[in-house]
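Given only the sequences and the hints, what does the whole structure look like? Please build it.
Those letters in the sequence shown? Residues 1 to 648, per the working numbering, in order.
The hints are all genuine.
The calculated DSS-like cross-link candidates involving lysine-lysine, where the alpha carbons are at most 25 angstroms apart (straight line), are: (1) K472 to K616; (2) K525 to K490; (3) K579 to K548; (4) K522 to K490.
Quick caveat, the hints were computed from the structure, so don't treat them as lab data.
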Amino acid sequence: MTETQPAPPPLNDGIPPADSHGGHGTSGSRTALAVGAIGIVFGDIGTSPLYAFRETFAGTASIAIDRMHVLGVVSLIFWSMLIVVALQYVTILMRADNKGQGGSLALVALLSRHMGRSSYGWLVVLLGVFATSLFYGDSMITPAISVLSAVEGLTVVNPGLDPLVIPIALVLLIFLFFLQSRGTAKVGALFAPVMIVYFVTIAGLGLNQIIQNPDILWALNPWYAVQFFITDGAIAFFALGAVVLAVTGSEALYSDMGHFGRGPMRLSWFGFVMPCLLLNYFGQGAMIAGLPPEQAAEVVRNPFFLLASEEFRLPLVILATMATFIASQAVISGAFSITHQAMQLGFMPRLTISHTSETEAGQIYIPVINWALMCAVILLVLTFQNSSSLASAYGIAVTGAVTIDTLLMGVLFVGVWKWKWFLALPVVAFFLFVDGAYFAANLVKVPDGGWFPLLIGLIAFTLLTTWARGRKLMRDRMSETALPIEIFAKSAKNSATRVPGTAIFMASQTAGVPSALLHNIKHNKVLHERVVILTVLIADTPYVDADKRCEIHDLGDGFYRAVLHYGFMEETNVPLGLKQMSACGGDFDMMHTSFFLSRQTLLASDKPGMPLWREKIFAWMLRNAATAMDFFRLPTNRVVELGSQVEI
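Here it is, written out as structure tokens:
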């Protein structure tokens, strides 16, 4: 019952309005938002010091643990964070907002609006959908590797606790997923204080080691990263697959921009989060570089927790576990948000959505996504057993999404920001070289676990594109046989008995007569005094202004065609939208209003529009989609469903 409709580009594309969170507010509100962002947004990238530095050495046994290699790895981490996170995402891509919203789908909607029906438009959409598909693999691995790596800190406190690591991690993860249906509003109030304490703690631990071995600061010089490649060649290249773990979560920063705005998020990143992370990474490097080779080889197995003295390690394990719990929550919430966007933009069938907050529209809970993620996370923990094994599966989804974002960034430069190609080309080529190197280095992980996020991404991509294609075929078939409403209204007014009340017929198209109306008059031979054909259109902008919500056309003889416009981040609450309609033959009284819905049954076609296996997938998705009654918040005792058959 929904479809996307391109909207005219606003004059301020890429720059949020003054009342948004884009950084134009008061310094007090900006600071408050920046603090909130620390608790919600930066958990994923903030917990990467638990395993990123460790995996670079422990995960690649061929790297010698000496001064040159430690400086080279730390230098790689520093410049990767500077180029990929600080420059590409926080500085450049955060300017590419779709009315304040970020993320691959929001960027694709922005690009599609400007590119119109260009010959390359379909490729842009496919790239954005694939980047979104890869996010689902990331959202499964992040909770597993983060919580496991934190709980593994218990073995540093007491090696005899090793058998308890997996059970404790599973209990925490299952509790996390069961918490989702209750919402995170109350727990979320603790997120920012906990993460601030966490970041300050890891920065202090790192600074303590830097003071003891300031020689590590030479890693600020990119020559040490270059020297690493000159000396070790292929080994240094493969090490990129572990170094990139330090920037996981960068794409999520862009996706979460709409919650806090780019101004506060930049303030959080440059003013607090990035310095804290770098102090910890440099501290781990300083500790390793200052040890004899034999001792360094032992310490590098878990350097994060060994930064703390023995009496403080257990509190650090507890604090790190809380931080990974928060990071996992942010990724799960991101999966809910991405799924909601995909539904609204027509890439996914309607799913049951629960709103867990009366005040925050963005806090939603999607049961099927929640339980699917939980099963996948449990399977990952039981299959891979430890965070080091999971690190092999981690990274490829992130680097794939980052590489796709780089390609979309090139389209943005030329198609939206109107850069000259000779200016855009070297910038895109530079980022593509860096991001492509990380992606290529992660490809060697495919046999060791990297296949998992790729498999999840492929499955998600197939489902998203199959649904979009099937819905288009259905709309095309229904349009071919649609009767013009003007002709129907004139012929029907004298051929059926008019009864009191209002009948609203939900239609996916803004033209023609919905099948439910045809079946109603065919079988019941009655028409209500007021007949409204209602279509819900989803724009390619995140929000639609209230004064542009309703569109009404009086067709005469008690017939009306109405359109409700929503953004892809908004809830499609039809009864609430109807209250705003004042020029549709009077107000809507829900006790005297009936909603008529069409439920389609697919039939095999002599000339199928897509392969049979995809038709079967589409039919399965259609059968299991949530009813329009739930999706549109229709009153349950005022809905009538009428079936129809459609060939695709």
